[in-house]
Amino acid sequence: MEGEIGRRDGLVLDEMGITHEEEEKAEEEVEEEEEPRRRGRRTLTVIHSNNATYTSLADAMLPHTQNTYWHEFSEVSRYNVQLNYFEKLWAAWYAFMGNDVLATGIMSFLMHETVYFGRSLPWMLVDRIPALNKYKIQSHKVPSAKEQWDCAKLVLLSHFTVELPQIWLFHPMAQYFGLATSVPFPSILTMAYQIAIFFVLEDTWHYWMHRALHWGPLYKNIHKIHHQYSAPFGLAAEYASPIEVMILGLGTIFAPILWCALTKNLHILTMYIWIVLRLCQAIDAHSGYDFPYSLHQFLPFWAGADHHDTHHEKFIGNYSSSFRWWDYALDTESGAEAAKRRREKKAARAKAA
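Residue numbers (the UniProt record's numbering): 1 to 353.
The hints are simulated quantities; they were obtained by calculation from the structure and are not laboratory data.
The structure displayed is predicted, hence computed values, not measured ones.
Keep in mind that a hint or two might mislead.
[What the hints assert, rightly or not] When the alpha-carbon atoms are kept at most 35 Å apart in a straight line, the in silico DSBU-like pairs for lysine-lysine are as follows:
| hint | residue 1 | residue 2 |
| --- | --- | --- |
| 1 | Lys-346 | Lys-224 |
| 2 | Lys-340 | Lys-136 |
| 3 | Lys-136 | Lys-264 |
| 4 | Lys-224 | Lys-351 |
[What the hints assert, rightly or not] Estimated spans, in silico, between C-beta atoms of each pair:
| hint | residue 1 | residue 2 | range |
| --- | --- | --- | --- |
| 5 | Tyr-135 | Lys-314 | 13 to 23 Å |
| 6 | Tyr-328 | Pro-130 | 32 to 42 Å |
| 7 | Tyr-79 | Trp-302 | 25 to 35 Å |
| 8 | Arg-341 | Ile-243 | 46 to 56 Å |
| 9 | Pro-172 | Ile-197 | 17 to 27 Å |
Even glycine gets a Cβ: it sits at the ideal position worked out from N, Cα and C.
Generate the whole structure from the sequences, applying the supplied hints.
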């Protein structure tokens with residue numbers, strides 16, 4: 001046979017005097033030596049593609065133990081000098097994790113918990129400062145430490161049993177609709193106008209779903225839990241039944257997903273910033289405080305804490321989340337000023353008749 005020059009102990013030798021078994025073993029050793037180098041280059045795959053290729057299930061599911069996060073950051077920085085510092089941190093995270101679903105899931109959940117409790121903490125401290133009580137809308141109803149702790153326990157239970165599974169499934173769904181996770185990031189202007197659109201879409205969804213939840217059977221079986229606190233506080237923003245969390249949460253998640261499906265132009269960073277702003281808005285609206293520098297003092301169409309606090313106190317009206325225009329247009333505003341306007345309109349109609 002061509003290429004064979006002899007035999008050794010019954011084994012066929014090639015032209016170098018090496019058996020086929022020895023040749024295969026040498027190739028396996030070379031393959032083992034090359035594998036760490038290939039993993040070290042995965043950084044560039046993450047940067048240029050949303051779909052990294054993995055050699056095994058274990059490789060896809062576990063972080064790379066041979067490289068630290070900062071090693072990946074160093075590699076990204078070396079080969080991608082055009083990226084800014086934050087973009088390098090981002091790319092290194094996805095490279096270090098080696099699995100986009102895992103990377104996005106962990107980052108999303110930690111972000112949500114950090115923002116939610118981090119933004120709620122200042123309002124908990126404000127409740128303990130008597131000098132600021134004059135800015136509390138329902139000044140005679142300051143939540144006790146026990147009330148806040150009981151609220152926090154239910155919120156945490158909801159986060160881990162209801163929101164965490166949804167967050168875990170978010171990345172595959174988002175990728176299906178074309179959500180980008182790669183670098184570089186979109187411009188500030190692009191993110192700003194997209195987030196403004198999300199605020200409007202979510203507010204519309206929230207108004208109609210929230211109003212529906214005040215219908216008898218839905219209120220009794222779903223929404224009543226959220227109204228346990230007639231004088232709300234920051235931590236109570238997501239104090240609700242699992243069904244309500246999913247119903248109202250759809251507006252926050254599916255407004256961006258709808259935009260992404262229609263335009264194919266959305267980055268997950270934009271969505272993260274949107275969720276952070278929406279969380280802060282919801283917590284502030286439940287804070288129970290109205291300061292002279294509150295946003296609605298400068299933007300009359302902004303809802304704010306006074307708008308939602310009245311909803312909790314009166315149990316009706318003021319269904320919008322961020323803006324006042326739906327309640328104004330459909331005459332579902334609640335509170336003394338709204339009641340005064342209705343009386344004036346009624347008197348004007350009676351006089352005209």
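Next item on the list: Mind listing which of the numbered hints don't hold for this structure, in increasing order?
Entry: Hints 3, 4, 7, 8 contradicted; others consistent.
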